[in-house]
Each structure stands twice: as structure tokens, then as C-alpha cells.
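Number of protein chains: 2
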Amino acid sequence: MSVLVVGSTALDSIKTPKSENPRLLGGSASHAAVAASFFSPVKLVGVVGDDFPKRYVQLYKRHRIDLTGLQVVPGRTFHWSGEYEANMNNRRTLLTELGVFETFSPALPKSHRDAPFVLLANIAPSLQHHVLDQMEKPRFVAADTMDLWLNIALPDLLKLLKRLDAFVLNDSEAHQLTQEDNVFAALKKIHKLGPRFVIIKKGSHGSILSGPGGFFICPAYPLHKVVDPTGAGDSFVGGLMGYLATARGPIQTHVRRAMIYGSVVASFCCEGFGLLRTTRVSRKQIDQRVKELERLTRF
Amino acid sequence: MSVLVVGSTALDSIKTPKSENPRLLGGSASHAAVAASFFSPVKLVGVVGDDFPKRYVQLYKRHRIDLTGLQVVPGRTFHWSGEYEANMNNRRTLLTELGVFETFSPALPKSHRDAPFVLLANIAPSLQHHVLDQMEKPRFVAADTMDLWLNIALPDLLKLLKRLDAFVLNDSEAHQLTQEDNVFAALKKIHKLGPRFVIIKKGSHGSILSGPGGFFICPAYPLHKVVDPTGAGDSFVGGLMGYLATARGPIQTHVRRAMIYGSVVASFCCEGFGLLRTTRVSRKQIDQRVKELERLTRF
Numbered sequence: 001m002s003v004l005v006v007g008s009t010a011l012d013s014i015k016t017p018k019s020e021n022p023r024l025l026g027g028s029a030s031h032a033a034v035a036a037s038f039f040s041p042v043k044l045v046g047v048v049g050d051d052f053p054k055r056y057v058q059l060y061k062r063h064r065i066d067l068t069g070l071q072v073v074p075g076r077t078f079h080w081s082g083e084y085e086a087n088m089n090n091r092r093t094l095l096t097e098l099g100v101f102e103t104f105s106p107a108l109p110k111s112h113r114d115a116p117f118v119l120l121a122n123i124a125p126s127l128q129h130h131v132l133d134q135m136e137k138p139r140f141v142a143a144d145t146m147d148l149w150l151n152i153a154l155p156d157l158l159k160l161l162k163r164l165d166a167f168v169l170n171d172s173e174a175h176q177l178t179q180e181d182n183v184f185a186a187l188k189k190i191h192k193l194g195p196r197f198v199i200i201k202k203g204s205h206g207s208i209l210s211g212p213g214g215f216f217i218c219p220a221y222p223l224h225k226v227v228d229p230t231g232a233g234d235s236f237v238g239g240l241m242g243y244l245a246t247a248r249g250p251i252q253t254h255v256r257r258a259m260i261y262g263s264v265v266a267s268f269c270c271e272g273f274g275l276l277r278t279t280r281v282s283r284k285q286i287d288q289r290v291k292e293l294e295r296l297t298r299f
Numbered sequence: 001m002s003v004l005v006v007g008s009t010a011l012d013s014i015k016t017p018k019s020e021n022p023r024l025l026g027g028s029a030s031h032a033a034v035a036a037s038f039f040s041p042v043k044l045v046g047v048v049g050d051d052f053p054k055r056y057v058q059l060y061k062r063h064r065i066d067l068t069g070l071q072v073v074p075g076r077t078f079h080w081s082g083e084y085e086a087n088m089n090n091r092r093t094l095l096t097e098l099g100v101f102e103t104f105s106p107a108l109p110k111s112h113r114d115a116p117f118v119l120l121a122n123i124a125p126s127l128q129h130h131v132l133d134q135m136e137k138p139r140f141v142a143a144d145t146m147d148l149w150l151n152i153a154l155p156d157l158l159k160l161l162k163r164l165d166a167f168v169l170n171d172s173e174a175h176q177l178t179q180e181d182n183v184f185a186a187l188k189k190i191h192k193l194g195p196r197f198v199i200i201k202k203g204s205h206g207s208i209l210s211g212p213g214g215f216f217i218c219p220a221y222p223l224h225k226v227v228d229p230t231g232a233g234d235s236f237v238g239g240l241m242g243y244l245a246t247a248r249g250p251i252q253t254h255v256r257r258a259m260i261y262g263s264v265v266a267s268f269c270c271e272g273f274g275l276l277r278t279t280r281v282s283r284k285q286i287d288q289r290v291k292e293l294e295r296l297t298r299f
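Sequence lines, in order, name chains A and B. Positions 1 to 299 (my numbering) are the ones given, in order, by the first sequence. Positions 1 to 299 (my numbering) are the ones given, in order, by the second sequence.
Please note: incorrect hints may appear among the correct ones.
Any copy, or any two copies together, can satisfy a pair, since identical chains are not distinguished.
BS3-like, lysine-lysine: derived pairs with alpha carbons at most 30 Å apart [what the hints assert, rightly or not]: (1) LYS225 / LYS188; (2) LYS18 / LYS188; (3) LYS192 / LYS225; (4) LYS18 / LYS189; (5) LYS192 / LYS291; (6) LYS225 / LYS162; (7) LYS18 / LYS202; (8) LYS291 / LYS110; (9) LYS15 / LYS188; (10) LYS18 / LYS192; (11) LYS189 / LYS225; (12) LYS202 / LYS225; (13) LYS291 / LYS202; (14) LYS284 / LYS225; (15) LYS284 / LYS188; (16) LYS188 / LYS202; (17) LYS202 / LYS189; (18) LYS54 / LYS192; (19) LYS189 / LYS110; (20) LYS192 / LYS162; (21) LYS189 / LYS15.
Just so you know, the hints here were simulated from the structure itself, not pulled from any lab data.
Modelling step: build the complete structure from the supplied sequences, incorporating the hints.
Next comes the structure, spelled out in C-alpha cells:
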């Protein structure tokens with residue numbers, strides 16, 4: 001079954017103390033779509049300007065991503081520029097040029113409206129709503145978010161939560177949303193806002209699922225060196241949704257394994273700038289790391 | 001088989017925004033010994049003053065802890081006082097009165113010298129050395145430490161590392177010792193300093209083992225509310241050593257499960273001030289949480 005992914009499609013310029021990487025393919029939808037493509041057919045919904053490099057269109061195509069929903073409009077592609085500190089934990093935004101993203105309205109091609117799995121990757125909650133408004137009874141809807149929307153679009157986000165099956169956010173966002181320091185107390189409060197499945201991402205500490213089957217403590221794959229964590233969270237949720245879309249039977253039966261797959265794709269994402277490492281990964285390499293995670297957590 | 005535990009035996013006065021808890025039984029050896037006592041016979045080595053409450057001696061005895069090695073000398077028992085912030089993550093020391101601990105020299109009774117399992121709980125590395133000097137070929141020696149010793153007794157600690165089978169420290173101490181932000185990179189460097197088994201504790205994020213069998217990602221038991229984390233790390237390593245001492249065959253076969261048991265005892269420790277919760281726990285309750293952790297991590 002296919003996954004519809006909507007989110008940002010951007011050019012990321014990523015600076016570290018050791019290197020500069022200008023205008024890499026980035027954005028929440030790019031990372032999530034590529035991650036999901038290892039498992040399922042993906043339909044991408046987004047917008048780019050007429051400066052969008054052809055090689056990035058080719059990259060999407062190599063991952064067999066359906067680009068019918070990718071609008072190409074006159075103007076400049078969304079450009080984000082950020083700088084990481086030596087430890088790769090702290091980053092600051094140097095520049096955000098919205099470009100064509102400023103007036104983006106995700107209009108869904110007819111062929112996209114019956115997609116069973118919908119991933120509302122990080123983007124303004126109003127646009128996430130707009131996508132859902134056009135869908136015909138999707139089977140499973142998940143959304144990611146970021147601190148910005150908690151700050152400037154909280155009412156929209158709270159309304160969105162009531163329309164979701166799964167909500168994915170990181171620990172600091174969970175704290176911001178619930179005023180709870182304790183992850184498990186925060187999960188409980190977020191369920192009350194709507195979603196049956198809530199996943200809190202904790203970076204290198206893994207992630208926690210709370211769902212109808214109880215909690216699941218999902219490990220992060222051990223990395224000795226993080227090259228660039230940009231897009232890791234998007235890769236996680238993309239891999240998760242891609243895997244879920246292939247699985248038969250109730251979501252609940254597969255969601256843990258789906259998180260493990262998401263976690264593994266995210267680990268590859270961190271090993272290169274932008275999507276450089278992820279795009280060179282094979283399904284076999286992903287399966288190997290999943291097996292390794294089994295060995296690393298068994299007791 | 002029995003576990004010899006040496007460390008601090010103290011009175012802890014713990015303040016939180018909601019309550020004050022004066023002169024609780026505390027200290028690294030108290031927490032570790034009680035934790036280990038759920039699994040194995042324990043011999044405690046420490047020192048207290050003549051002000052040490054009789055009820056705490058009774059508490060040790062209820063846990064069948066051998067007190068032959070507990071010196072009771074004229075003077076005041078080591079007293080630590082600290083205050084936690086509302087989120088229970090940040091604490092500051094209000095007062096440290098070393099008392100009889102200032103001149104403590106752990107002299108081992110003859111009956112203690114052939115203990116197969118030795119836990120050098122957090123205490124000055126020079127005292128940890130002094131205990132090892134008196135031991136007759138212990139089977140397995142583990143040590144814990146704290147940032148203070150990295151700051152003021154690093155040469156002693158580095159010498160100690162060459163005498164250990166297992167070294168346990170938290171993530172910020174691992175960073176301080178190796179200058180590595182990455183836990184897995186830090187583990188590699190710490191092995192080069194001596195120990196075959198290295199465990200990095202990450203509080204509510206669990207712990208990571210690196211040993212001859214590779215890595216193990218050990219979860220923390222999910223707690224919705226932390227009452228007092230004081231002694232959780234000591235309980236973890238105490239439970240771990242207590243469990244190891246009961247297991248037959250190579251350490252490597254049991255060390256993962258031992259960490260899980262340590263993690264569970266630490267979770268109980270966090271649910272009450274000082275040792276108030278831990279001392280009311282049954283082995284059955286511990287086994288239940290271990291089973292629950294199996295369910296929480298299976299995929």
C-alpha cells in the first residue's frame with residue numbers, strides 16, 4: 001500500500017566546524033519520502049522553485065517516488081541554512097528563506113486522495129489540515145511537528161491532534177506541549193488530546209511509543225560518529241510509515257517493528273550530510289541493522 | 001556466592017520543593033548493599049559514628065547484610081544534605097559533613113577477604129585500592145565512581161581501572177573522562193584504560209554495556225513519577241552485582257540480565273525518599289518488573 005507524504009521540500013546548507021555543505025536536498029518531506037521508499041510506494045506532496053536542481057528530481061525518481069504532487073513554481077526553493085557545534089548536538093539557524101514555500105497550498109492530485117497511509121511530515125498545521133481535508137478515508141494518519149508550531153500555531157495543532165491516529169514529537173516538544181518533564185506522564189496527557197498512538201523521539205536515546213498495546217521502548221542504533229543529524233526525525237517517521245504500509249493486519253501488531261525500521265533508517269541518515277548516506281543504503285543493509293538491534297536489546 | 005560492598009554509609013537530608021526528609025539512611029554502600037541483598041548474601045564494609053540510628057542497623061539486618069565490616073567509631077556519621085528542583089533532575093549540595101568518614105580506612109575482616117564478588121561503590125579511589133589490596137583473588141571486581149574523583153583523584157582512579165573487571169559511570173562522567181560526547185566512542189576509550197566490561201548509566205534513558213559480547217542497550221523501567229533519584233545509580237550497580245553473584249557459568253552469559261535486575265531495583269529506589277521504597281520491595285515485585293521490561297522491549 002502507498003504512503004502519501006506531505007511536508008517541506010528544501011535546500012539545506014549545513015555548516016559544521018569541519019565542513020560546509022551548500023544546498024543539499026533537504027526538508028521534512030524529502031527525508032521522510034526517501035525513508036519510506038525503502039518499504040512502500042511513496043507519493044510526495046510539496047513545492048519547489050524553478051531553481052530546484054534536476055539531480056534532486058532524479059534522486060526522488062531513483063527512489064520511485066511519485067512526483068505528481070510536487071508543484072514546481074516560478075521562484076526560489078525553500079532554503080534553510082544552519083550551523084552545528086562540534087558535538088553535533090546544538091545547532092543554530094543561520095538563515096531561512098521561505099521562497100515559494102511562503103504561498104504553498106498542498107493541492108492533492110485526484111490519484112493521491114485515496115492513499116491509505118498519510119504522513120503529515122513537519123509543516124504548518126494549517127497545511128496538514130488542508131491535506132487531510134482532501135483525503136478520502138485514509139486508513140492511518142500520522143503527523144510530526146516542531147517547536148515553531150507549538151509557539152505560533154498551537155490552536156491549529158491541537159485541532160489537528162483530534163484528526164490523527166499517530167502523533168510523533170521529540171522530548172522537548174512533549175515537555176513544551178504538556179509542561180511535564182516525565183516522558184511517560186507527558187504521553188498520558190498527549191493521548192487525552194486525541195491520538196491513539198503517541199511517539200516521543202529522544203534522539204540518540206531512542207524513542208518511546210504509547211499505544212493501545214502499552215508502551216514500547218525503542219532503541220536508537222548505536223553510532224560511533226554522527227556526521228549530520230538533520231532529517232533524522234523525518235527519516236524515523238518516514239521509515240516507520242513506509243514499513244507500516246507494507247504490513248498486513250492490525251497496525252498494533254506491526255508498530256513496534258515499524259519503529260525499529262524507522263530508527264535504523266534514521267541511523268543511516270545521521271551518517272552523512274543531508275541525504276547523502278541514506279540514498280546509498282540498500283534494504284539488505286537496513287535489515288542487517290534491524291537484526292543487530294535485536295541482538296543489542298535481547299536479555 | 002557473596003558480594004562484598006564497600007562505599008559510603010551516610011545520613012542523607014533530602015529537600016524537594018514539596019518536602020524535607022532529614023537524616024535518611026543513605027550513602028553508596030547502603031543503597032548498593034540493600035539492592036544486592038535481594039539476590040545474594042552481602043558483606044558491608046563502611047564506617048558510621050556513634051550517632052548512627054539503631055533503626056538503620058536493624059534495616060541492614062532485615063536485609064541479612066553481614067555487618068562485621070561496618071566500623072562504628074566515636075564521632076558523627078557522614079552527613080550529606082541536598083536539594084532537588086521541581087523536575088527532580090537538578091540537585092545542589094547544601095552541606096557535606098564528612099565526620100568519621102574523614103579518617104576512614106576500610107580494614108577487611110578475615111572472613112571478607114575471599115569474597116568472590118567485590119563491589120567498590122562510590123568512594124575515594126584510594127580507599128577502593130585499599131580494599132582490593134586486602135582481597136584474595138576475587139572472581140569479579142566492579143567499581144562505580146563520581147565526578148569528584150575525576151576532578152581530584154584522577155591518577156588514583158586511572159590506576160584502579162587497570163584492576164577492575166567492570167567499571168560503571170554515568171554519561172557526564174564518561175564525557176569528562178574521555179572528552180567524547182558520543183557514548184559508544186567513550187566506551188571504546190574507557191576499555192583501553194583497563195576494564196573488560198564498561199557500563200555507562202544514562203538515568204531515565206537506561207544504560208549501555210560494552211563487553212566481550214558486544215554492546216547491550218539496557219532500558220530504564222518506565223516511571224511516571226520520580227520521588228527521589230538519590231542512590232539510583234548505587235542501587236543499579238548493587239542489584240547488578242547481587243544478581244551476577246547468584247548466576248552460574250561465565251559472567252558474560254548473565255551480565256545483560258543482571259543489568260536489567262539492577263535497572264529494576266533502581267526504579268524502585270526512585271519511587272521513595274532514600275531507601276524507603278526499596279526496603280519495602282519483594283523479590284516477586286522485582287521479577288514482575290523484569291517481566292514487564294521484557295514486554296516493553298520486545299519487537
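Report task. List, from low to high, the hint numbers that the structure doesn't satisfy. Result -> 8, 18, 19
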